[in-house]
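If you're matching them up, the sequences are chains Z and E in order. Here the first sequence is numbered in the working numbering, starting from 1 and rising by one per residue. Here the second sequence is numbered in the working numbering, starting from 1 and rising by one per residue.
Treat the hints loosely; a few may be bogus.
[Claimed, not checked] DEER-style ranges, computed between Cβ atoms:
{"hint": "1", "chain 1": "Z", "residue 1": "Gly187", "chain 2": "E", "residue 2": "Glu212", "range": "50 to 58 Å"}
{"hint": "2", "chain 1": "E", "residue 1": "Val130", "chain 2": "Z", "residue 2": "Ala110", "range": "52 to 60 Å"}
{"hint": "3", "chain 1": "E", "residue 1": "Ala308", "chain 2": "Z", "residue 2": "His342", "range": "40 to 48 Å"}
{"hint": "4", "chain 1": "E", "residue 1": "Asp229", "chain 2": "Z", "residue 2": "Asn130", "range": "54 to 62 Å"}
{"hint": "5", "chain 1": "Z", "residue 1": "His342", "chain 2": "E", "residue 2": "Glu328", "range": "51 to 59 Å"}
{"hint": "6", "chain 1": "Z", "residue 1": "Val260", "chain 2": "E", "residue 2": "Ala308", "range": "27 to 35 Å"}
{"hint": "7", "chain 1": "Z", "residue 1": "Pro284", "chain 2": "E", "residue 2": "Ser3", "range": "55 to 63 Å"}
{"hint": "8", "chain 1": "E", "residue 1": "Ala308", "chain 2": "Z", "residue 2": "Arg204", "range": "54 to 62 Å"}
{"hint": "9", "chain 1": "E", "residue 1": "Thr165", "chain 2": "Z", "residue 2": "Ser309", "range": "48 to 56 Å"}
[To be verified] Looking from chain E toward chain Z, a few residues come up when the C-beta cut is under 8 Å (computed):
{"hint": "10", "residue": "Ile11"}
{"hint": "11", "residue": "Gln342"}
{"hint": "12", "residue": "Asp346"}
[Stated by the list, open to error] Calculated lysine to any residue pairs in the SDA-like style (CA-CA distance at most 25 Å, straight line):
{"hint": "13", "chain 1": "E", "residue 1": "Lys17", "chain 2": "E", "residue 2": "Gly61"}
{"hint": "14", "chain 1": "Z", "residue 1": "Lys327", "chain 2": "E", "residue 2": "Glu4"}
{"hint": "15", "chain 1": "E", "residue 1": "Lys17", "chain 2": "E", "residue 2": "Val262"}
{"hint": "16", "chain 1": "E", "residue 1": "Lys180", "chain 2": "E", "residue 2": "Ala62"}
{"hint": "17", "chain 1": "Z", "residue 1": "Lys250", "chain 2": "E", "residue 2": "Asp158"}
{"hint": "18", "chain 1": "E", "residue 1": "Lys150", "chain 2": "E", "residue 2": "Tyr161"}
{"hint": "19", "chain 1": "E", "residue 1": "Lys22", "chain 2": "Z", "residue 2": "Asp113"}
{"hint": "20", "chain 1": "E", "residue 1": "Lys17", "chain 2": "E", "residue 2": "Ala327"}
{"hint": "21", "chain 1": "Z", "residue 1": "Lys327", "chain 2": "Z", "residue 2": "Asp54"}
{"hint": "22", "chain 1": "E", "residue 1": "Lys22", "chain 2": "Z", "residue 2": "Pro313"}
{"hint": "23", "chain 1": "Z", "residue 1": "Lys327", "chain 2": "E", "residue 2": "Val7"}
{"hint": "24", "chain 1": "E", "residue 1": "Lys17", "chain 2": "E", "residue 2": "Leu54"}
{"hint": "25", "chain 1": "Z", "residue 1": "Lys327", "chain 2": "E", "residue 2": "Ala14"}
{"hint": "26", "chain 1": "Z", "residue 1": "Lys332", "chain 2": "E", "residue 2": "Val344"}
{"hint": "27", "chain 1": "Z", "residue 1": "Lys327", "chain 2": "E", "residue 2": "Val130"}
Worth flagging that the hints you see were computed from the coordinates, not collected in a lab. For clarity, every value in this text was computed on a predicted model and none was experimentally measured. We put the beta carbon where it would ideally sit given N, CA and C, even for glycine.
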Amino acid sequence: MRFVEEFRDAELGATVAAQILSLLEPGRHYKLMEICGGHTHSIYRYGLTDLLPDEVEMVHGPGCPVCVIPMGRIDDAIAIAAREGVTLACFGDMMRVPGSEQTLLDAKAAGADIRVVYSPLDALRIARENPEREVVFFAIGFETTAPSTALTMTRARAERLANFSCFCNHVTIEPPLRALLDLPEFGIDGFVGPGHVATVVGLRPFEFIAADYGRPFVVAGFEPLDILHAIEMLLRQLADGRCEVENQYKRAAPDAGNPVALRAMAEVFELRESFEWRGLGEIPRSALKLAPAYADFDAELRLELPGASVPDPQACQCGDVLKGAIKPWECKVFGTACTPEHAIGTCMVSPEGACAAYYNYGRFAREGEPA
Amino acid sequence: MRSEQRVLEIIETARGKRPRFKDELVTMAHGAGGKASQTLIEGLLAPSFDSAALAELGDAGAVEVDGREIALTTDSFVVRPIRFPGGSIGELAVNGTVNDLAVSAARPLALTVSLVLEEGLAADELRAEVEAMAAAASAAGVEVVAGDTKVVERGRCDSMYVCTTGLGRVDPRADLGTGKIEPGDRVLVSGPVGAHGTAIMLARDELGLDAEISSDTRSLWPAVEAMLDAAGAELRCLRDATRGGVASALNELARASGVCVVASEDAVPVQPEVAAAAELLGIDPMYIANEGVLVAFVAPAGAEAALAALRTAPGCERAAEIGEVGAEPPGMVLVDTAFGGQRVMDLLAGDPLPRIC
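Okay, chain Z solo, but in the shape it has when bound (with noise of 0.2 Å):
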């Protein structure tokens, strides 16, 4: 597989750890963010952390698209599936995370017609191949899948898909960032930054994070090598006093991001007034929903769906994990009560998750370490 396995070359590996080594202020510890599922899963994936020194930690940041949606919005969802003549098509990440009463896994055991898709198209082809059901698309994700929900939206109109829905969950990466660096006590040196969003966004977004914020910014591709670059890169830059915003990932993410993919969104999508994220709390404009020119499109306009805020249970920690405030073994529930065969938080749902990465990857005493 090329532009694969050359970004999983463990010579090369093993130099790029040494340059961070080279690069360690002694005495000093670092903190940096993996804002991304997707790096978070790879760390773990890959056992990154037993290439990086003890000085350098990685805390998981709120970039896991299933991890960040609230619990009522599931259960939304679930009423969606229950209705007569309703199928329910979403990816298979989410069929696994809780709502209040059950998961879309339980309800469609249940009888509720609920298929596993693995793009927004299937779930349009789901629509024209059965005219006599109304298919609801379960969209979520950052600025990476919104665009494939925005083509899939405008082909529907232009099919005039009279079956075809979209219950619209879509976030934006940068508010979220934000409400975390206002944060009174948020000691992150640096950040690994979301190498997908960035194929879309470009680098603009993120330039306040140096700008305002005066924390230095690497947009990182998803193999293991790619991640380690990126944190030798932040280190580089803090070892040189330097704060900017630079790319890592330029094979895939141009600076300026992909304009017609913003297009697209553009004349899909519009913000939210706000939007409630898991473990997060209410996050003004921080979410997309259909613009009024797709409003026949739009699931909430056209089902009535219960629409509640639900807390999150408890014991459930998962926004002091979205916030990088604990690690997921210092939650109360982590491997106990809350596992990824039960689960009661979204982070031990998603393999992006830092509790399901942490709990399927990196759960064992490695050697040295008291057991």
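Using the hints, position chain E against chain Z.
Just chain E now, kept in the frame of chain Z:
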């Protein structure tokens, strides 16, 4: 504040306990070969039937008849679509059961075949599957000695389901069991992993991917016999890496024998097409189902001979040593990643679900 190590200890204690089946409904996860399946089997089935042979949770159960050890196993096949590149449900139904016997070191002798057919199934399709079963049985040297047919109304089953039961004679040279696995043992895999499950996923035509990937369905008895010839007494345990893939097979064995398995990601053979499809879907090939791949635990003294013998068996030319058994942490599978780190390779909670981005 609890320390990280203390938290990990608490988790391992919890995981060491027998799972309880507390779910209100059966979901697709219970059929996926991961933790939900384990809960169903160990939490409901095994305790209810209370059989020492069943409690071994092997691929086949052992029955002693007049001093001779017989292996008995059964399996249902509900694959969709019923035909796919490299095989079909009929072939799968024979090979799957033959392989459950084979990895119990039992020479397959006889099979029974039960068919549940959907009203409206084309007779030609049925004929093709019966012929596929006959051909696979003949290739595996096993006789179909009894059978049953049922027809259900249209919509009550998906074209056809096949259930096969197999009987075999345990080879006297073999002394296999999860209890025999010891630190230092070597772990072999009989061929490239993940082909069957990937072929099925692509044959469903839901992914819009096109690749020449064929199911690996085949009888594994020749592979087992070759290893018995070469390293009989040194073979510790064999497992058919079907549902849940090699990762699940290793986890089941690590857990049952209270050892740690350390596998090397680099050493696991994967066809490039399978690796590419899995990469696109965000699925690890180690969790993808196989129908002609076994994992073998062999004492160090016999590992080289067993591997050489394995490579002479049809379809096992790319067999490889992929890891070693250690003592700590017990019940776990660790992987040395190709990038130089180490991580856990756990059972999945349910089906491997493609990631969204």
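Evaluation of the provided hints:
no., hint, result
1, Gly187/Z to Glu212/E: 50 to 58 Å, "holds (52 Å)"
2, Val130/E to Ala110/Z: 52 to 60 Å, "violated (37 Å)"
3, Ala308/E to His342/Z: 40 to 48 Å, "holds (45 Å)"
4, Asp229/E to Asn130/Z: 54 to 62 Å, "holds (56 Å)"
5, His342/Z to Glu328/E: 51 to 59 Å, "violated (27 Å)"
6, Val260/Z to Ala308/E: 27 to 35 Å, "violated (56 Å)"
7, Pro284/Z to Ser3/E: 55 to 63 Å, "violated (39 Å)"
8, Ala308/E to Arg204/Z: 54 to 62 Å, "holds (60 Å)"
9, Thr165/E to Ser309/Z: 48 to 56 Å, "holds (54 Å)"
10, Ile11, "holds (4 Å)"
11, Gln342, "holds (5 Å)"
12, Asp346, "holds (5 Å)"
13, Lys17/E to Gly61/E, "holds (23 Å)"
14, Lys327/Z to Glu4/E, "holds (9 Å)"
15, Lys17/E to Val262/E, "holds (23 Å)"
16, Lys180/E to Ala62/E, "holds (16 Å)"
17, Lys250/Z to Asp158/E, "violated (48 Å)"
18, Lys150/E to Tyr161/E, "holds (10 Å)"
19, Lys22/E to Asp113/Z, "holds (24 Å)"
20, Lys17/E to Ala327/E, "holds (19 Å)"
21, Lys327/Z to Asp54/Z, "holds (15 Å)"
22, Lys22/E to Pro313/Z, "holds (20 Å)"
23, Lys327/Z to Val7/E, "holds (12 Å)"
24, Lys17/E to Leu54/E, "holds (18 Å)"
25, Lys327/Z to Ala14/E, "holds (20 Å)"
26, Lys332/Z to Val344/E, "holds (22 Å)"
27, Lys327/Z to Val130/E, "violated (56 Å)"
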